[in-house]
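Produce the entire structure from the sequences given, and follow the hints as far as they go.
Residue-level listing of the chains:
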Amino acid sequence: SQQGEEDPQALSIQEGENATMNCSYKTSINNLQWYRQNSGRGLVHLILIRSNEREKHSGRLRVTLDTSKKSSSLLITASRAADTASYFCATGYSNDYKLSFGAGTTVTVRA
Amino acid sequence: DAGVIQSPRHEVTEMGQEVTLRCKPISGHDYLFWYRQTMMRGLELLIYFNNNVPIDDSGMPEDRFSAKMPNASFSTLKIQPSEPRDSAVYFCASSNSLGREKLFFGSGTQLSVL
Chain A
134 SQQGEEDPQA LSIQEGENAT MNCSYKTSIN NLQWYRQNSG RGLVHLILIR
184 SNEREKHSGR LRVTLDTSKK SSSLLITASR AADTASYFCA TGYSNDYKLS
234 FGAGTTVTVR A
Chain B
15 DAGVIQSPRH EVTEMGQEVT LRCKPISGHD YLFWYRQTMM RGLELLIYFN
65 NNVPIDDSGM PEDRFSAKMP NASFSTLKIQ PSEPRDSAVY FCASSNSLGR
115 EKLFFGSGTQ LSVL
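Chains as they are written, first to last, in the working numbering: chain A, 134 to 244; chain B, 15 to 128.
A hint or two may mislead.
[Claimed, not checked] No more than 25 Å apart at the CA atoms, straight line, and that leaves these computed lysine-lysine pairs for BS3-like: (1) A/K159 / B/K116; (2) A/K202 / A/K189; (3) A/K202 / A/K159; (4) B/K38 / A/K231; (5) A/K231 / A/K202; (6) B/K92 / B/K82; (7) B/K82 / B/K38; (8) A/K159 / A/K189; (9) A/K189 / A/K231; (10) A/K202 / B/K116; (11) A/K231 / A/K159; (12) B/K116 / A/K231; (13) A/K231 / A/K203; (14) A/K189 / A/K203; (15) B/K116 / B/K82; (16) A/K189 / B/K116; (17) A/K203 / A/K159; (18) B/K82 / A/K231; (19) B/K116 / A/K203; (20) B/K38 / B/K116; (21) B/K92 / A/K231; (22) B/K38 / B/K92.
Calculated directly from the structure, the hints in this document are not laboratory data.
This is how it looks when you write it as structure tokens:
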């Protein structure tokens with residue numbers, strides 16, 4: 134079963150705008166990751182945040198983690214057409230190496 | 015490095031036929047994962063290996079599915095007999111012990127069972 138749930142399911146924005154998507158999960162985690170999937174392709178790892186971290190940055194990406202609310206957010210700043218993709222959160226646990234993926238947020242960036 | 019390589023890219027078969035999906039992980043990676051992606055169920059972990067040994071196959075749907083990893087550079091996922099509900103995209107992913115949390119995915123195999 135899917136551990137993470139992304140919100141919204143779909144997002145359409147204008148190029149240059151920021152895109153924010155959220156992920157909620159149910160049980161305690163060791164880490165939370167975000168992946169991107171372009172149409173017809175495999176998933177690509179974007180960023181990982183550990184349970185003892187609150188915020189992380191990578192280029193135009195900013196991820197936050199609130200373990201008390203069991204939620205995370207991914208912010209893409211100054212979006213580009215190339216950011217059009219589906220974004221998935223995945224939760225990892227201390228006692229095994231399985232990742233549980235959410236259903237994803239489909240982001241469309243309009244030129 | 016060429017990344018994780020999966021074959022075939024597309025597979026169309028008839029119900030009842032045997033299907034074999036193949037995966038070559040990134041060299042040096044000692045974890046290998048098989049995932050299935052459908053619109054209804056999203057991404058589901060089927061099985062994963064560590065050093066060629068199956069660690070957790072609790073996600074394998076039923077006995078019709080089997081996976082092997084005869085060596086560090088090759089894995090197969092077999093469905094016999096195939097059914098229309100097996101239609102999905104099957105992904106292979108690999109990682110290494112140092113960065114095991116970060117998965118590298120192949121491009122997937124689009125399976126259609128008619």
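Each hint, compared with the structure:
no.: 1; hint: A/K159 / B/K116; result: holds, 21 Å
no.: 2; hint: A/K202 / A/K189; result: holds, 17 Å
no.: 3; hint: A/K202 / A/K159; result: holds, 9 Å
no.: 4; hint: B/K38 / A/K231; result: holds, 19 Å
no.: 5; hint: A/K231 / A/K202; result: holds, 22 Å
no.: 6; hint: B/K92 / B/K82; result: holds, 8 Å
no.: 7; hint: B/K82 / B/K38; result: holds, 12 Å
no.: 8; hint: A/K159 / A/K189; result: holds, 21 Å
no.: 9; hint: A/K189 / A/K231; result: holds, 22 Å
no.: 10; hint: A/K202 / B/K116; result: holds, 24 Å
no.: 11; hint: A/K231 / A/K159; result: holds, 16 Å
no.: 12; hint: B/K116 / A/K231; result: holds, 11 Å
no.: 13; hint: A/K231 / A/K203; result: holds, 18 Å
no.: 14; hint: A/K189 / A/K203; result: holds, 16 Å
no.: 15; hint: B/K116 / B/K82; result: holds, 22 Å
no.: 16; hint: A/K189 / B/K116; result: holds, 16 Å
no.: 17; hint: A/K203 / A/K159; result: holds, 7 Å
no.: 18; hint: B/K82 / A/K231; result: holds, 18 Å
no.: 19; hint: B/K116 / A/K203; result: holds, 21 Å
no.: 20; hint: B/K38 / B/K116; result: holds, 17 Å
no.: 21; hint: B/K92 / A/K231; result: holds, 21 Å
no.: 22; hint: B/K38 / B/K92; result: holds, 15 Å
Of the numbered hints listed earlier, not one is contradicted by the structure.
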